[in-house]
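First to last, the sequence lines map onto chains A and B. Each step along the first sequence adds one to the number in UniProt numbering, with nothing skipped, and position 84 is 84. Each step along the second sequence adds one to the number in UniProt numbering, with nothing skipped, and position 669 is 669.
The reader is advised that the hints may include incorrect statements.
The list treats identical chains as interchangeable, and a pair is accepted whether it falls inside one copy or across any two copies.
For lysine-lysine, the following DSSO-like pairs were computed, each having C-alpha atoms within a straight-line distance of at most 27 Å [as the list claims (entries may be wrong)]:
1) Lys-141 to Lys-346
2) Lys-450 to Lys-141
3) Lys-346 to Lys-122
4) Lys-360 to Lys-768
Source of the hints: derived by calculation from the structure; they are not laboratory data.
Protein chains: 2
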Amino acid sequence: MAARKQQLAVVLLFLLGGVLSFPLGQDRKDALTCGYEVSYLYSFTALCFGLLLCVCSWSVFVCVQSCHATKPNMLNVHLVPHTHDDVGWLKTVDQYFYGDRNDIQHAGVQYILDSVVDQLLKNPDRRFIYVETAFFYRWWKQQSSSMQQTVRQLVNEGRLEFVNGGWCMSDEATTHYSAVIDQMTMGLRFLNETFGACGRPRVAWHIDPFGHAREHASMFAQMGYDGFFFGRLDYQDRARRMMAKEQELLWRASDSLTPPVADLFTGILPNGYNPPEGFCWDQSCDDPPIRDDPDLEDYNVDDVVKRFMAIAENQALVYKTNHIIMTMGSDFQYENANLWYKNLDKLIRYVNGLQSNSSKVNVLYSTPSCYLQELHRANLTWALKTDDFFPYADSAHDFWTGYFTSRPALKRYERISNSNLQTCNQLEVLGGPVSRKGPFGGGDSQTMKKAMAVAQHHDAVSGTEKQHVANDYARKLASGWQHCQVFQSLLFWWDVVSEHFTFLRTLYIPTLVSMILSVSVALIQFSVSVYNPLARPVTWPVRLPVNGTAYTVSDANGKPVDCQVSFAVNELVFQVQAPPLGYSTYSVSLLQDGSPPTSTQHRTPTVIQNKFLKVTFDPDTGLLSSLSNLETQQSIKLTQNFYWLVYNASDGNNSLSIQPSGAYIFRPNSSTPFIISSTAQTESIQVRRELVIYTLVQEVRQWFSPWVSQVVRLYADSRALELEWTVGPVPIDDSLGKEVITRLDTSIQTGEYFYTDSNGREMLQRKKDFRPTWQLKQSEPIAGNYYPINSRAFIKDDVDQLTVVTDRSQGGGSIHNGSLEIMLHRRLLYDDVRGVAEPLNETSDIFPEGLVVRGRLLLSLDRPPSAADAHRPLAQEVVLQPLLTFTDGDLNPNTRLEFSGLQAALPPAVHLLTLSQWDKDSVLLRLEHQFQSWESKVNSQPVTVNLQKLFSTLDVLGMSELNLSANQWKDEMKRFDWTPQKGTGRPNLPLTSLQ
Amino acid sequence: MAARKQQLAVVLLFLLGGVLSFPLGQDRKDALTCGYEVSYLYSFTALCFGLLLCVCSWSVFVCVQSCHATKPNMLNVHLVPHTHDDVGWLKTVDQYFYGDRNDIQHAGVQYILDSVVDQLLKNPDRRFIYVETAFFYRWWKQQSSSMQQTVRQLVNEGRLEFVNGGWCMSDEATTHYSAVIDQMTMGLRFLNETFGACGRPRVAWHIDPFGHAREHASMFAQMGYDGFFFGRLDYQDRARRMMAKEQELLWRASDSLTPPVADLFTGILPNGYNPPEGFCWDQSCDDPPIRDDPDLEDYNVDDVVKRFMAIAENQALVYKTNHIIMTMGSDFQYENANLWYKNLDKLIRYVNGLQSNSSKVNVLYSTPSCYLQELHRANLTWALKTDDFFPYADSAHDFWTGYFTSRPALKRYERISNSNLQTCNQLEVLGGPVSRKGPFGGGDSQTMKKAMAVAQHHDAVSGTEKQHVANDYARKLASGWQHCQVFQSLLFWWDVVSEHFTFLRTLYIPTLVSMILSVSVALIQFSVSVYNPLARPVTWPVRLPVNGTAYTVSDANGKPVDCQVSFAVNELVFQVQAPPLGYSTYSVSLLQDGSPPTSTQHRTPTVIQNKFLKVTFDPDTGLLSSLSNLETQQSIKLTQNFYWLVYNASDGNNSLSIQPSGAYIFRPNSSTPFIISSTAQTESIQVRRELVIYTLVQEVRQWFSPWVSQVVRLYADSRALELEWTVGPVPIDDSLGKEVITRLDTSIQTGEYFYTDSNGREMLQRKKDFRPTWQLKQSEPIAGNYYPINSRAFIKDDVDQLTVVTDRSQGGGSIHNGSLEIMLHRRLLYDDVRGVAEPLNETSDIFPEGLVVRGRLLLSLDRPPSAADAHRPLAQEVVLQPLLTFTDGDLNPNTRLEFSGLQAALPPAVHLLTLSQWDKDSVLLRLEHQFQSWESKVNSQPVTVNLQKLFSTLDVLGMSELNLSANQWKDEMKRFDWTPQKGTGRPNLPLTSLQ
């Protein structure tokens, strides 16, 4: 098969700790340096993309000039008209777009954009910002070309400014960086292709997410944003920052990247993202309009101006410069923009009219980038921040830490869908155009890209949407899967299978309500093709529900492979290997049919072990009791069990606050650690045990109650212990909602510290009842110590580090010394009064009694200095897991039963984050150094990758380096410089030196 | 004093039964015929006004052509986008205009007009109608001249069409024709002056008023409207009309005017004034928008089109032509017109798109006049209607007959304000420009004109607004009074008084909550000037609260006048005379100060009488027992008492319906006439009596309870018996709301008939449990027999007619033979669920325990053929009552203490309805023949008036005849001809021939 010639195209580098260099055997077409060395991130684009950028380069100047003049000797009030359009929440994204189901919530984005454009045209002074490209894209494609031209003009003149500009405003606590980068890229690409440079957002704008991840700030910096604004932070943090005038600060968002690469100027908005009290003039508000006709009743101009001046002057007291910002808008506002603008026009006229009368307040229409420009011009120093903004509490008993776990099935479905999307993207590149032609499923990755992009929204994967909206996200993902059957098509076009082959549906059930496999395979002869989306070979246990009692399995070369059938659960298990960015095909034949032999009761084991790990159980309780790493010869005591927490409305504790747990909020009644223990003790957990010992895998099955069970599993080749938990239906016949956790209690001396990842990338240190940047007054001893876990958490002391890799985002904490708890499932009977107006009480057709959720925790015990060498690749294997496809019948033995898209595996430090067809002639590639600078002696070192010799089937004709979001040439990315204040923030030291 | 030269100007004739002819000594400047004889109504305008009309006459053609083409072989569905903007209801008119207090109701008319104009400009096919000039005027004067030009263009092109066009959409049950004509004239004048002929509404549009008065139809016909549409009629009436396809009909609205003068084509809208179910696309609605992007979820075009076709086809079944109308709008809709129009554009496109696929439904943007034009072209005959549409019931137990009486104090304040406004208008003409210059009060009649105009709204004088809005109407009227102190100014400019004179405030308290006089006069020497707004001399009893015990009073010639002091109530009483359209001044001097003599208990009388009437009382009960007319030598038994009705939520009768009485609805629990009697019997009424006999007036004071009393009063010169009732505070400590009536039980053999006026003009016959145009199924024996009484009601048999003239609009009925009952006051504890969302439970600062209301009934006993000769002038004296003003100190005796604006009184048949300055050089005059064609042998005859010799201080230079509303030359008024269906309707016979 001849190699296709591709402009290599969009290459995008994304590093954690290391340095990549790229010797490339060919000149970059547009100023591409041979052997171009990149110290850090950013990227490369195709020529056509570059041309688009060039065409518009003159208008960058226009955009900058579009800011209204300010007055240096006055207090300048920047009014920023905006709408906050959730990409799904109480209604689905398309319901929001059309304004359907206004009985649920009045909101119609099509009308917002219609109206805003109309109103901007009425007065050239007016400004508007738009944020969510998922909606803007829908609207744009319904417009006439003359309307499109009008809007281009507004954008070029800076009257309509895009901020943030991703497909959605992603959640920060429950998203994985891979999917966030994808959704940002999709939105920003649309803006770039539609509007050129003037459409490039200069400001990141996360006004609503419920806490803020450091990794998001790092990504935004690497995407070229000049600054970042948000609305929600801990109420104590805000209070201190107001006093200290530190609501505007410099966020140093990586301890691996050399400043200012991951530095991001960050502004905290004065009133969430709402207008000042009394100044909401949207159709959804009731504030009095400006009544300035003296012939009519209730002339109120003097009153309005007076109230406004008072608010402005008070706000100026808690910010540093003579510029302040006011967000004039809110959720789905500006559907009738005239109401807002008519009154804002008047406000500006009347307030500024007083300047002739010695007033020192100057009000102007503005945008976040114009405001930011003034802050930059002020040339001050800014407080430095190096930790993150989790957890978020809006008052003493209102910690938004429940959504870290809310809707665990949706969270898992989103994560596995990301894996599938990356696979689909890769196969589209590797397979070339035919891969999109069917015949199996057909279509391309666009449906899945959009489904994944909206799923990143801060009321999507966060689990804080209404049930019908959660169903819609899942439906969209399922539709994405349907349109992404590229693997099968590729096998067809490459003659591995013929058109009349029946492909069995991939084993995952495309529904949000459960991740439990229920497909049963009752075939005599079939094949399993395994695609590996990682850039290094993997082995992977395949577990298939079967009816037979004995099978033979052979690999792509016809060599037999060990396999076994577990009669207890009728599963066929065998290990497969797949090459980097490639597949391998295995044949399976039934040897013996019929019922399984009578189940024999195995003796309860006290030990399971392989060549790497030894696991012991307490024979009296059946619980785990210890874990040992046989290679490093380290051992810890390890007990693991399941507990539940409860918010009970009738509990006396509610004298403090009646805030219940809900989709957002976690608020167990227990207000001291003791009560958590006592809650566990009150549960009557009956433990049954069964040991299944085979050569390939050893399992201990544990039942804790009719609705909590677990399989402890140790594969022969694995350095990780797998805990496969099953929780549900959570009983509510006692009228109590329950939040189920598992807790690992160890002998590790943690000293109240533990560690969680930020969006699946860098690790952050957490300490009980402590915040790095302010003196915490802890009011919720459990909920106030929970943090998001996206891919892993660990606890450690000087000698032992226990890392837990999760298969989805979850919330967790370390409340006791040596202990790590993770919330697995939540079933609640109250709404938490944050707008969703539904209790988080999931049921479905399949699970009418309550959702059953299954998931995996992978435990790795290592020496701290080398722990990352294990957990980094382990977590990537969970994030990007092999895609299996099954074919009924015999394969064509003379065809390509095994294939790798790479000439060789990438070095362990390098992760191939993105490989995706950008356009006909170019490909987007993102390579990532996946180790933090301090975490591995071996793997944190710089690495050199030869892009020319990377691919097996692609000829690289050129490469262009872009920023992280692929919407700007890296060498044109000029961000504002900001000077940190001396002596503020935590020192920028590697994590290992702390504690 | 030299006569001012005035173009006479706008003369407007308005006739009931007679014929007026006008010999005029000078040629009409523009085709004015000398000795012009008018057979009926209409009018005259000033030249400048005429020029305006001429300038625009070409655009009349444009307007007509602006209707979209229809398809003769299809069902044409006329979509009429509209908004219904109450001129006050839940919010005040200015709150509605600005969009203030959106917490009460989301509504902002300024935004509606902004938005509609924007949206009309986006697509020339779109149409909109606007109705309420009170709002449009407010908006217009805030617009830039370029926006005004844009709107003129839209009007000229028929894209924005005014319908109705009065200042408001007047109530039909509680308004007086005089005020209705004024408010219509004010609105239509604004439209005419602003837009010329294209701004002239061709259709009357009373979509919301709660029942429809025949006199309104008559006025609309005489104002040149081609047709009339409304939304509310009795549910039984509608059902029959739907079956018979008589929802479109010809209303013959006068039994005195020769057809087609008062013929008005009338259309009943299909769904009130709302869009069809499921097709409301306003921001206030939740119906699904058209989702026509197949790439998004929930594509629903097929479903929408299917539902729409079904509705259209069903609607076509109950109308006569292949044209049907749909009102696409509702209360305060189109604030964001884009929502409506965007979806309507799509609806039209998709529905008409099916025509290529054999569909026979054609949808188009339309207006009521375009629709009407198609009905006219159909050239059919139409059912004839000669009665009215009262009472209105929307279901069996929901009769909207409570509002006939709701807020009786406001209703009286509105009526007396009209009298004051007419006086003010007249004095501005008679006094000339100086009359507006002050120094007493200053200003002009504009404030009062606008206040009166909004007070005509169907949620204003109707009493169906919220309390704070009722207060606002009263406040506006009070402000009108303040700006209308023309009488005092004129006395100053004419040297009757000097600038340093203190004018005492007119005796009426300008508040809605009570009409009770409470001003006490403690002066030694003062004068009383009495202005008479009628075109004939009147005598009038002046009653003044005083502290002294004896006074002398002298007239303008210094002649002493009889006077007396009633010690019981400390009132000085004397009779004054005032010339036509003129004043007379009386001087009053204190003779004796100090406390009144000890009150002596007079003997309870059994008879009071003057030379015209004899009144007897039952000595046991103290109640009236008989009434005799000494001139005609007729006598009837007459008992009068007070009763209350109640809606009791716990009454068993509520099994039928739980509809309570409220601001709109009257629903006493008693469902049979018996129960009314028993309700009266359960009241313990204690009667005290006192007779005051003087030469000038005889009084019997009756106390029925602490909250019901009455003075029976017979003036020496009067042919009418006055019953001055006082009701309130209505007690509610028994938790029962109460509706208070007075009932006159007589020996007249009424045979279940009685008679009420229509808006103060023609009389209509009513019959118990009967409707002239359908077979009534009576479900509310009391409420279903109540009708509006605006100025009078009578009962009669062959020999006796007892006429009761009221001082305000009230509801009443005749439930028993010989009986007439009038509801006086209502205090209710439930809301009646028609939107106002407040119980009608009036209190005020002055009356914290509940409103006290006082009013008068004037009783006249006559022979039926000559009864009108008495009640017509009597009622006019109550409607246009003298205005009194008081001056402290001596007058200048050598000045004009008496004056008449007329050279001579007009003949008794002719009422001077309007005399008002139109512009600098012209005056609007309306003369009215005030007798129905059948009601008086003497006065129903034609009358000739010589306009040239009418005024004492004006030279008439010319006259121009206009339609009733003064917005069209009478000779250019060409209305559509309509052919009545043979054999339908009641024969158009005079009322006397019925019964």
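Hints violated by the structure (numbers, ascending): Going through the list in order, the structure violates hint 4 alone and respects the others.
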